[in-house]
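Undergrad: Chains as they are written, first to last, in the working numbering: chain C, 1 to 744; chain F, 1 to 221; chain Z, 1 to 82; chain E, 1 to 82.
None of these hints come from the bench; they were simulated from the model.
Small disclaimer: the values here were computed from a predicted structure and weren't measured.
For every residue, glycine included, the Cβ atom is placed at its ideal position computed from N, Cα and C.
Fair warning: there could be bad hints in the mix.
As the list claims (entries may be wrong) - Cross-link-like lysine to aspartate or glutamate pairs, in silico, EDC-like; alpha carbons within 20 Å at most:
hint, chain 1, residue 1, chain 2, residue 2
1, C, 432, F, 35
2, C, 199, C, 461
3, F, 151, E, 12
4, C, 62, C, 535
5, C, 344, F, 35
As the list claims (entries may be wrong) - Among chain E residues calculated to face chain Z with C-beta under 8 Å, some are:
hint, residue
6, 22
7, 31
8, 46
9, 67
10, 75
11, 77
What the hints assert, rightly or not - Pulled a few chain F residues facing chain Z out of the computed Cβ check, cut under 7 Å:
hint, residue
12, 53
13, 61
14, 64
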Amino acid sequence: MALDTVGIATNSPDTQQPWRELGLKEDEYQRIREILNRRPTSSELAMYSVMWSEHCSYKSSKVHLRQFGEKAPKSDALLVGIGENAGVVDVGQGYAVTFKVESHNHPSFIEPYQGAATGVGGIVRDILTMGARPVAILDPLRFGPADAPDTKRVLPGVIAGIGGYGNCIGVPTVGGEVIFDKSYLGNPLVNALCVGVMKHEDIKLAKASGAGNLVVLFGAKTGGDGIGGVSVLASETFSEKKPTKRPAVQVGDPFTEKVLIECSLEIFKEDLVVGIQDLGGAGLSCATSELASAGTGGMRIELDRVPLRDANLSPEEILMSESQERMCAIVPPAKIDRFLEICKKWDVVATVIGEVTSGEHLEITWHGELIVDVPPRTVAHDGPVYNRPYKRPENQGDLCADAAENLPRPTGEAELAEAILKLISSPNMADKTWITEQYDKYVQGNTVAAGPSDAAVIRIDEESFLGVAVATDCNGRFCKLDPYQGTQLALAEAFRNVAVTGAKPLAITNCLNFGSPEDPGVMWQFAESVRALADGALEMGLPVTGGNVSFYNQTGDVAIVPTPVIGILGVIDDVRKAISYRFTGEKELILLGETLEELSGGEWADGCGHLGGIPPRVNLQKEIVLADFIHAQRDYIAAAHDLSDGGLAVALIEMLLQSKTGATVSIHGDPFMHLFSESSGRILIAVSSEDSNYVVGKAADAGITTTRLGKSGGENLEISGVLSLSMLHLQEANQRTIPALFNA
Amino acid sequence: MRVGVVTFPGTLDDHDAARAVKYAGGEPVSLWHGDTDLKDVAGVILPGGFSYGDYLRCGAIARFSPIMSSIIPAAENGLPVLGICNGFQVLCESHLLPGALTRNVGLHFLCRDQEIEIVNTQSAWSGDFTRGQRITIPLKNGEGSYQCDDKTLQELEENNQVIARYVGINPNGSRNAIAGITNKQGNVVGIMPHPEHAIDALTGPSAAGLAFFTSLVRARV
Amino acid sequence: MARVIVDVVLKDEILDPQGDAISRALPRMGFSFTPTAVRQGKSFILSLDHAPSASELKEIENAAATLLSNPVIETFTIRVEN
Amino acid sequence: MARVIVDVVLKDEILDPQGDAISRALPRMGFSFTPTAVRQGKSFILSLDHAPSASELKEIENAAATLLSNPVIETFTIRVEN
Ligand SMILES: Nc1ncnc2c1ncn2[C@@H]1O[C@H](COP(=O)(O)OP(=O)(O)O)[C@@H](O)[C@H]1O
Ligand SMILES: [Mg+2]
Numbered sequence: 001m002a003l004d005t006v007g008i009a010t011n012s013p014d015t016q017q018p019w020r021e022l023g024l025k026e027d028e029y030q031r032i033r034e035i036l037n038r039r040p041t042s043s044e045l046a047m048y049s050v051m052w053s054e055h056c057s058y059k060s061s062k063v064h065l066r067q068f069g070e071k072a073p074k075s076d077a078l079l080v081g082i083g084e085n086a087g088v089v090d091v092g093q094g095y096a097v098t099f100k101v102e103s104h105n106h107p108s109f110i111e112p113y114q115g116a117a118t119g120v121g122g123i124v125r126d127i128l129t130m131g132a133r134p135v136a137i138l139d140p141l142r143f144g145p146a147d148a149p150d151t152k153r154v155l156p157g158v159i160a161g162i163g164g165y166g167n168c169i170g171v172p173t174v175g176g177e178v179i180f181d182k183s184y185l186g187n188p189l190v191n192a193l194c195v196g197v198m199k200h201e202d203i204k205l206a207k208a209s210g211a212g213n214l215v216v217l218f219g220a221k222t223g224g225d226g227i228g229g230v231s232v233l234a235s236e237t238f239s240e241k242k243p244t245k246r247p248a249v250q251v252g253d254p255f256t257e258k259v260l261i262e263c264s265l266e267i268f269k270e271d272l273v274v275g276i277q278d279l280g281g282a283g284l285s286c287a288t289s290e291l292a293s294a295g296t297g298g299m300r301i302e303l304d305r306v307p308l309r310d311a312n313l314s315p316e317e318i319l320m321s322e323s324q325e326r327m328c329a330i331v332p333p334a335k336i337d338r339f340l341e342i343c344k345k346w347d348v349v350a351t352v353i354g355e356v357t358s359g360e361h362l363e364i365t366w367h368g369e370l371i372v373d374v375p376p377r378t379v380a381h382d383g384p385v386y387n388r389p390y391k392r393p394e395n396q397g398d399l400c401a402d403a404a405e406n407l408p409r410p411t412g413e414a415e416l417a418e419a420i421l422k423l424i425s426s427p428n429m430a431d432k433t434w435i436t437e438q439y440d441k442y443v444q445g446n447t448v449a450a451g452p453s454d455a456a457v458i459r460i461d462e463e464s465f466l467g468v469a470v471a472t473d474c475n476g477r478f479c480k481l482d483p484y485q486g487t488q489l490a491l492a493e494a495f496r497n498v499a500v501t502g503a504k505p506l507a508i509t510n511c512l513n514f515g516s517p518e519d520p521g522v523m524w525q526f527a528e529s530v531r532a533l534a535d536g537a538l539e540m541g542l543p544v545t546g547g548n549v550s551f552y553n554q555t556g557d558v559a560i561v562p563t564p565v566i567g568i569l570g571v572i573d574d575v576r577k578a579i580s581y582r583f584t585g586e587k588e589l590i591l592l593g594e595t596l597e598e599l600s601g602g603e604w605a606d607g608c609g610h611l612g613g614i615p616p617r618v619n620l621q622k623e624i625v626l627a628d629f630i631h632a633q634r635d636y637i638a639a640a641h642d643l644s645d646g647g648l649a650v651a652l653i654e655m656l657l658q659s660k661t662g663a664t665v666s667i668h669g670d671p672f673m674h675l676f677s678e679s680s681g682r683i684l685i686a687v688s689s690e691d692s693n694y695v696v697g698k699a700a701d702a703g704i705t706t707t708r709l710g711k712s713g714g715e716n717l718e719i720s721g722v723l724s725l726s727m728l729h730l731q732e733a734n735q736r737t738i739p740a741l742f743n744a
Numbered sequence: 001m002r003v004g005v006v007t008f009p010g011t012l013d014d015h016d017a018a019r020a021v022k023y024a025g026g027e028p029v030s031l032w033h034g035d036t037d038l039k040d041v042a043g044v045i046l047p048g049g050f051s052y053g054d055y056l057r058c059g060a061i062a063r064f065s066p067i068m069s070s071i072i073p074a075a076e077n078g079l080p081v082l083g084i085c086n087g088f089q090v091l092c093e094s095h096l097l098p099g100a101l102t103r104n105v106g107l108h109f110l111c112r113d114q115e116i117e118i119v120n121t122q123s124a125w126s127g128d129f130t131r132g133q134r135i136t137i138p139l140k141n142g143e144g145s146y147q148c149d150d151k152t153l154q155e156l157e158e159n160n161q162v163i164a165r166y167v168g169i170n171p172n173g174s175r176n177a178i179a180g181i182t183n184k185q186g187n188v189v190g191i192m193p194h195p196e197h198a199i200d201a202l203t204g205p206s207a208a209g210l211a212f213f214t215s216l217v218r219a220r221v
Numbered sequence: 001m002a003r004v005i006v007d008v009v010l011k012d013e014i015l016d017p018q019g020d021a022i023s024r025a026l027p028r029m030g031f032s033f034t035p036t037a038v039r040q041g042k043s044f045i046l047s048l049d050h051a052p053s054a055s056e057l058k059e060i061e062n063a064a065a066t067l068l069s070n071p072v073i074e075t076f077t078i079r080v081e082n
Numbered sequence: 001m002a003r004v005i006v007d008v009v010l011k012d013e014i015l016d017p018q019g020d021a022i023s024r025a026l027p028r029m030g031f032s033f034t035p036t037a038v039r040q041g042k043s044f045i046l047s048l049d050h051a052p053s054a055s056e057l058k059e060i061e062n063a064a065a066t067l068l069s070n071p072v073i074e075t076f077t078i079r080v081e082n
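Work out the full structure: start from the sequences and follow the hints.
TA: Shown next, in the form of structure tokens:
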């Protein structure tokens, strides 16, 4: 193909262009022509098409996501808000923390190992770009039924990919979720969250300013990886029949990423850059247009300078390549020598590919010929915005009417015991050690708590013991029954998971995984979910600092259950005081919060193959009261575990298994209801006998309902007058499931 | 006492090793893979990680680095060297220790709290233990299965060169459940699990790993 | 007695970080030959107590395409040594 | 244009868990041929823009013996494809 230059484009307005194949709609193509006042060159078309894809432009979600800004609570902690690579919050002592979740769903379905690995690589670079050292990874994952053949293909590859990448770059993977549901068959969700730490003065932004400053590309060479990946993989429903436009799969090179991290941090320490951006989706198209657009606009790039792995790549392909482990920095000329010296020390390829200009256009040349000449804002920010129609699905009412509370329930000792064993051994509730053991949780030496624990706790200062706690949560079934309430339940659960460690929740991130936005029913779920999160964030006084939207997670007409994964970050002034759900010695077990008859969408109903009804109520004010209580009384609480999936039965058994003890508890009222209800706003605590009256009194003062369940000890779980199960038996049931399914 | 901690590109646990030296009362000195100067250290630690990405074979490329060209002859002359995990692999690739580390039998990377039994307390790095002492420290590796031929194994056992063995289920398929070995002189030690991650019960399963570092630092004060 | 060897390599367009790392290591280590590229592959050596029949070879090809290689990123060839 | 291929295999006496795993997986996946053993090896494909000279082959052999294989556990063979 001959080189298409701006000159040629101006003189050949009628040339047919493959805009449709690149995923653009006709009106979008016409808008590009209007912006440029001519037809785009093929390179410009490539840039617009990737940057205007759903994945990069948020064209279907933008109108809703605005609420996070509009309803934002006033927060003194917020240092950098939505819009940058990741939000940043102040955690005190001069430290700032950044965190964000990303999805890599479709790539992980196609090639589980590399898809998941590059997902981790991408989010880690987002965090690095803010000037932070990446200190922790969490991986919220969703798969089809655990026994489905495709799950056997996808899950082991995804886990090995996350471990393979995270372990090699030396960032501990310390938490996440593994959830199975039939709606994820063919649409696994691979989300990855990364946390980074820096000093306030080290915060970096993605901005190209200062005419004459140099644009430097550093990291891996550019190859044909994932060309068109953005538009093909992220914007359209994946269907097996239709071949992808370019089959190249992105392959991660964690070693290169590790040296890139160290090299970048050394560069940041010497303050050598005025702006920096990682190359993720849409590669150079994205990095150059976003950097220029956030600055004064002017930038000139000599594309032929880009170091290539495959010499045959065309300029269009170079612009679209999603080769991993690359970064783009804006460096003042006076600092370039030192910059290149540090790169050389780390054996990182670094190339000056252009400079910031005083103009307002992004100009890209190829061996001296002008092939791109665009106002960068039109590429990076002024993409199309859709106000897609949305409507509550017709059958939503029927779904909500079919409540799980009406299902026949187990009664009597034998049936209840069987129900408990079934619950604790179900793939969703089963022990996930087979998975978490594949992750290095110790690297960096600051892990105070990692799975199994409600939230991961990471020390960030070795002298003061300042630390952070992070958790992610979402029950997609609740969101299917009521996306508004389901989303607030996810928010409440993540908040509670952070709070039970004794940390103070500080900020929210999210990864909104949904089906096709072109389906009004899905769009309704999405709109409700965003509205719920914005309202909830405002009510709790926590800023949403960033996030990610992943649409088109569906097979044919059938979408996944809506899965807005919520991540919460909290700060803990002294990690030595962090509470876990492991205790030693005999303790009194106390339930905080109220148990209502709420079974719909829960694990027990799921085990019955039932999905219907109305999800548990949520009361965010009560969550705040609980969090404050745990924080205030943390010196008296030996262990704490939040109640969520599987209710009291699961929380109690998990706490006892961790603590290697049995317990004798009594339940007043319907034992089934109390054990299996998934009412929100509840926490199980273990307290030593001498402190229990004090703690219960304090809880009453705070208006928290308490139930004294009984005492730990013995080798069985005794529920007085109801049943007795040996802890060994429970342990075996809990631990057997996942290895039996996935050991090769 | 100055103890060198080597950083190769891809090394991950260098900070942890340096922290462990500090906790043990020593002075950590960082050594860069591209240098040849050992900076007058009295001992060297090759930390865990993925030197050069562990591409080709774990430790294979690191072995040829400039710093190793100084460490190998120094170790042959008695300089105490401790290789942890990837460092153990580098020591085997350098032929400072016999045998090799291969893929875990389970074929997965494994990170768990592992009980080991200290077998040899005569080496430069294990004098602060008592023989038969059992400690729990993190194990984290994908290629930690210690392999060697029968003759080497027999020699290792006869010469009391096994430093530590896994207790309970052998996590990676190592011959004779070997977790760590020393050379005949006792100055070079390789260990698969990570004592530097067990120097403080807050961030590790125990603080029992510290004795590897105090063994060297205290003996030479 | 025969051996069937399945050689698996990454497709040309797929990044091979290991091969690249070896390329870079060679000159550092004083070797003077400079390959234009280094790729790392895998091989599976299947020992049989007889020469493989045509139908067995067909099955091995099948196994190579599903179990032994990942068709998304790899290709394979089969050699028979009698 | 030539390719020099260095095939590296584990010595027979060294445990090969990957080969063993494949041995076990074959019948489970419905394959009926049953190799007496499966071993997994590595190969390094060095591309050259010319046919290798005798001295270059010597150097490659050297690299194979020191860098590309570990003589403690592995053996290697060299093939040249022109
Ligand atoms: N993919 C994963 N990666 C890391 N940790 C995980 C993963 N899945 C689950 N875990 C950990 O296992 C524990 C139990 O998970 P889960 O049941 O989802 O917790 P919770 O009910 O508190 O939300 C948590 O500590 C969680 O962090
Ligand atoms: Mg929890």
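Undergrad: All hints, please: hold or fail.
TA: To see whether the hints hold, each was checked on the structure:
no.	hint	verdict
1	C:432 x F:35	44 Å, violated
2	C:199 x C:461	11 Å, holds
3	F:151 x E:12	15 Å, holds
4	C:62 x C:535	17 Å, holds
5	C:344 x F:35	14 Å, holds
6	22	7 Å, holds
7	31	5 Å, holds
8	46	4 Å, holds
9	67	6 Å, holds
10	75	12 Å, violated
11	77	11 Å, violated
12	53	6 Å, holds
13	61	5 Å, holds
14	64	5 Å, holds
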